[in-house]
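Asks: This is what each chain is made of:
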Amino acid sequence: MNIHEYQTKRIFSRYKIPVPAGHVAHSDAQAVAVAESLGGERWIVKAQVHAGGRGKCGGVKLCNSLAEVKEFADKLIGSDLVTPQTGPGGKRVRRVLVEDAQDIKQELYLGCLIDRVTQRITVIASAVGGMDIEEVAASTPEKIIKESVDPAVGLQDFQCRKIAAGIGLTGKQIINAATLMKRLYRAFRDTDALMAEINPLSLLADDSLMALDGKMNFDGNALFRRADITDLRDFDEEDSKELDASQHDLNYIALDGDVGCIVNGAGLAMATMDAISFYGGKPANFLDVGGGASPDKIANAFRIVLTDSNVKAVLLNIFAGINRCDWIAQGVVQTLREQSVDVPVVVRLAGTNVEKGWEILFSSGLEFIHADKLDDASRKAVEAARGSA
Amino acid sequence: MSILVNKDSKVIFQGFTGQHASFHAEEAMGMGTNVVGGVTPGKGGMTHLGLPVFDTVKTAVQQTGADVSVVFVPPPFAADAILEAIDAGIKVIVCITDGVPVQDMVRVKRYLTGHDAIIVGPNTAGVITPRECKAGIMPSHIYQPGKVGVVSRSGTLNYEAVEQMNELGLGQSTSISIGGDPVNGCDFLTILKKFSDDDDTEVVLMIGEIGGNQEVEAARWAREHMRKPLVAFIAGVTAPPGRTMGHAGAIVSGESDTAQAKMAALGELGVHVVRSAAEIGKTLREVLRG
Numbered sequence: 001m002n003i004h005e006y007q008t009k010r011i012f013s014r015y016k017i018p019v020p021a022g023h024v025a026h027s028d029a030q031a032v033a034v035a036e037s038l039g040g041e042r043w044i045v046k047a048q049v050h051a052g053g054r055g056k057c058g059g060v061k062l063c064n065s066l067a068e069v070k071e072f073a074d075k076l077i078g079s080d081l082v083t084p085q086t087g088p089g090g091k092r093v094r095r096v097l098v099e100d101a102q103d104i105k106q107e108l109y110l111g112c113l114i115d116r117v118t119q120r121i122t123v124i125a126s127a128v129g130g131m132d133i134e135e136v137a138a139s140t141p142e143k144i145i146k147e148s149v150d151p152a153v154g155l156q157d158f159q160c161r162k163i164a165a166g167i168g169l170t171g172k173q174i175i176n177a178a179t180l181m182k183r184l185y186r187a188f189r190d191t192d193a194l195m196a197e198i199n200p201l202s203l204l205a206d207d208s209l210m211a212l213d214g215k216m217n218f219d220g221n222a223l224f225r226r227a228d229i230t231d232l233r234d235f236d237e238e239d240s241k242e243l244d245a246s247q248h249d250l251n252y253i254a255l256d257g258d259v260g261c262i263v264n265g266a267g268l269a270m271a272t273m274d275a276i277s278f279y280g281g282k283p284a285n286f287l288d289v290g291g292g293a294s295p296d297k298i299a300n301a302f303r304i305v306l307t308d309s310n311v312k313a314v315l316l317n318i319f320a321g322i323n324r325c326d327w328i329a330q331g332v333v334q335t336l337r338e339q340s341v342d343v344p345v346v347v348r349l350a351g352t353n354v355e356k357g358w359e360i361l362f363s364s365g366l367e368f369i370h371a372d373k374l375d376d377a378s379r380k381a382v383e384a385a386r387g388s389a
Numbered sequence: 001m002s003i004l005v006n007k008d009s010k011v012i013f014q015g016f017t018g019q020h021a022s023f024h025a026e027e028a029m030g031m032g033t034n035v036v037g038g039v040t041p042g043k044g045g046m047t048h049l050g051l052p053v054f055d056t057v058k059t060a061v062q063q064t065g066a067d068v069s070v071v072f073v074p075p076p077f078a079a080d081a082i083l084e085a086i087d088a089g090i091k092v093i094v095c096i097t098d099g100v101p102v103q104d105m106v107r108v109k110r111y112l113t114g115h116d117a118i119i120v121g122p123n124t125a126g127v128i129t130p131r132e133c134k135a136g137i138m139p140s141h142i143y144q145p146g147k148v149g150v151v152s153r154s155g156t157l158n159y160e161a162v163e164q165m166n167e168l169g170l171g172q173s174t175s176i177s178i179g180g181d182p183v184n185g186c187d188f189l190t191i192l193k194k195f196s197d198d199d200d201t202e203v204v205l206m207i208g209e210i211g212g213n214q215e216v217e218a219a220r221w222a223r224e225h226m227r228k229p230l231v232a233f234i235a236g237v238t239a240p241p242g243r244t245m246g247h248a249g250a251i252v253s254g255e256s257d258t259a260q261a262k263m264a265a266l267g268e269l270g271v272h273v274v275r276s277a278a279e280i281g282k283t284l285r286e287v288l289r290g
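These protein sequences, in sequence, are chains A and B.
Residues 1 to 389 in my numbering are what the first sequence lists, from first letter to last.
Residues 1 to 290 in my numbering are what the second sequence lists, from first letter to last.
To be clear, the hints were calculated from the coordinates, so they are not data collected in a lab.
Computed from a predicted model, the values in this text were never measured in an experiment.
A few of these clues could be false.
[Stated by the list, open to error] Cut-off 30 Å, straight-line C-alpha distance, at most; resulting in silico cross-link-like pairs (DSBU-like, lysine-lysine):
1. K43/B x K182/A
2. K193/B x K146/A
3. K356/A x K373/A
4. K147/B x K373/A
5. K373/A x K109/B
6. K146/A x K109/B
7. K109/B x K380/A
8. K43/B x K215/A
9. K228/B x K282/A
10. K43/B x K109/B
11. K182/A x K146/A
12. K373/A x K297/A
13. K61/A x K215/A
14. K162/A x K109/B
15. K282/B x K356/A
16. K373/A x K43/B
17. K43/B x K147/B
Make a model of the complete structure from these sequences and hints.
Replies: Here it is, written out as structure tokens:
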């Protein structure tokens with residue numbers, strides 16, 4: 001689960017990680033009011049959307065007057081910001097963060113993440129901040145310092161000093177950085193985060209450090225014990241179809257092809273998309289109905305897949321283990337009777353109660369394309385999409 | 001022979017009296033699995049499915065000699081259940097539970113250090129040695145004894161591969177799904193090493209997916225140490241970068257963990273790479289024929 005920068009900075013503040021003075025604003029008038037209350041002569045105004053790359057795409061501006069704050073906030077709020085991470089449609093800006101501008105000596109990078117290789121929490125730091133850390137890792141890997149945390153004892157002071165020295169800090173800077181690292185680690189651990197990033201982490205004139213930007217995302221599986229984090233979820237930032245799907249316990253991701261996919265299990269769902277592509281088609285979506293799929297769930301899956309007007313055929317591919325083909329078949333019958341499905345539907349069933357499933361489908365008298373195997377099913381779906389295009 | 005579980009395995013279920021555990025315990029027994037009891041804290045002394053229920057894994061092990069546990073405990077308590085099984089000396093712990101917090105698994109992996117246990121999962125369909133022992137939720141009737149060692153992340157893709165093998169008369173020595181989580185109990189490499197040592201396994205099928213580097217790491221080891229052919233499929237060629245594809249661990253986060261990059265790396269390591277999931281069975285047959 002992702003949150004906004006201003007929400008991340010509130011978490012940072014709770015853990016005593018220094019952040020610039022600032023406040024979120026929902027209108028240009030509010031933005032000016034925030035700037036006035038902050039005082040000073042220079043402010044940073046930042047678009048708050050769940051996407052990186054805002055700085056390079058006109059989502060962040062240093063403003064030298066209240067008039068400039070007003071003008072920029074007015075321009076941003078209500079507009080769609082396009083960054084490399086938003087897709088071509090961009091993301092609607094609903095609020096901005098107005099902060100005191102800082103004088104900085106150097107920009108660093110500091111992050112915590114779950115490292116899949118070591119299967120532990122890893123702290124990552126770099127002397128090169130303000131850039132995409134993956135670009136730094138690719139071009140100058142020697143500038144990245146990593147330290148793995150033993151979960152039995154947690155992040156140790158000496159490790160923090162090692163990291164700080166490794167990115168070229170000296171003297172008092174090392175002590176300041178070590179303190180901040182431990183606070184970031186605690187924030188990460190206590191919130192069940194998957195990633196916490198300060199980029200840039202700025203070294204100020206007095207050798208203190210400040211988080212100029214902040215990004216965190218959280219383990220959806222741990223939200224049951226993190227009510228305060230769950231409250232930070234912004235439904236406006238989520239795709240409406242994906243949200244609709246998740247409310248029906250379906251996992252849906254829209255893609256740009258024309259063959260709709262309804263599959264059980266994430267691995268088989270990916271492999272089905274791949275098979276469609278292998279036979280010359282393009283999948284319109286990823287959709288995993290999960291285990292124990294009821295007829296209603298199948299009907300909802302069809303409804304969501306068919307809201308995409310690019311879909312020219314639907315492939316239902318079920319290999320039932322914990323699922324039951326007869327239930328799935330009932331769902332298909334329900335869908336074809338109750339929804340206006342005007343594209344061809346290819347059905348492939350296998351596994352638990354497969355005979356019962358086919359019997360329900362064939363005796364319904366409804367029109368569908370039958371397939372027994374994955375290759376056959378994918379090929380038929382690709383052909384059907386071409387035929388009805 | 002086989003790996004992890006066989007006809008002599010003594011299996012318990014943790015969260016035994018729950019609906020799903022009960023259903024799958026009965027299914028496992030129906031296939032001939034030697035289920036010896038189960039654990040549900042607070043219900044010790046009861047009889048369930050004709051078998052004893054214990055309050056702790058320790059008592060279950062003491063009284064039944066159990067060495068395999070299948071965990072059906074809900075996500076908030078799953079890590080504790082795994083730790084309890086490790087502590088009680090269970091050798092193979094299969095955690096079916098989907099939705100275990102990642103940081104819980106980080107701690108479990110740390111606790112595992114120095115203990116002689118293997119964790120399969122979480123978020124797994126489990127382990128099956130056909131006609132001998134099923135510690136999982138897979139449809140057992142599709143699995144037939146044979147010479148192919150199967151290890152996958154996904155459960156349903158494992159079924160898909162096995163059905164294709166059936167049509168060609170190819171069976172499995174043991175089949176394992178290691179689960180789709182980013183921090184999981186055992187990796188491809190751990191399983192490959194076991195298949196390498198197993199006399200009944202002539203060829204190994206590895207079914208991976210986008211995200212992480214486990215498949216390539218395992219293949220690198222296999223090239224140096226395994227004297228058996230390795231066939232691999234990687235799901236997710238069409239997955240968009242930065243999106244989690246159902247499995248928490250299935251996310252392309254860099255250039256090296258795309259399906260294309262993994263397949264290329266595996267190919268360079270001498271692995272027989274299958275281009276479409278529909279051709280897994282066919283490729284295995286060709287490799288076995290040499």
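Asks: Does K182/A sit within 30 Å of K43/B, going by the straight-line distance between their CA atoms?
Replies: violated (43 Å)
Asks: When you check the alpha-carbon spacing of K193/B and K146/A, does it fall within 30 Å?
Replies: holds (29 Å)
Asks: Sort out whether K109/B lies within 30 Å of K43/B, counting only the CA atoms.
Replies: With a Cα-Cα distance of about 29 Å, the restraint between K43/B and K109/B holds, given a limit of 30 Å.
Asks: Tell me if the straight-line CA distance from K356/A to K373/A falls inside 30 Å.
Replies: Distance ~17 Å between K356/A and K373/A Cα, so the pair holds.
Asks: Has the given pair, K282/B with K356/A, been kept, meaning a C-alpha gap of at most 30 Å?
Replies: Holds, at about 28 Å.
Asks: Hint check: K146/A vs K109/B, CA-CA at most 30 Å. Holds or violated?
Replies: holds (20 Å)
Asks: Quick one, are K162/A and K109/B close enough, alpha carbons at most 30 Å?
Replies: Distance ~25 Å between K162/A and K109/B Cα, so the pair holds.
Asks: Holds or violated: are the alpha carbons of K43/B and K215/A at most 30 Å from each other?
Replies: Outside the cut-off at roughly 45 Å; violated.
Asks: Would you mind confirming whether the straight-line C-alpha gap from K228/B to K282/A stays at or under 30 Å?
Replies: violated (36 Å)
Asks: Quickly compare the C-alpha distance for K182/A and K146/A to 30 Å and report which way the hint goes.
Replies: holds (14 Å)
Asks: Take the C-alpha atoms of K61/A and K215/A, compute the straight-line distance between them, and say whether it is at most 30 Å.
Replies: holds (19 Å)
Asks: Holds or violated: K109/B with K380/A, Cα cutoff 30 Å?
Replies: violated (45 Å)
Comparing the model with each numbered hint stated earlier shows that hints 1, 5, 7, 8, 9, 16 and 17 do not hold.
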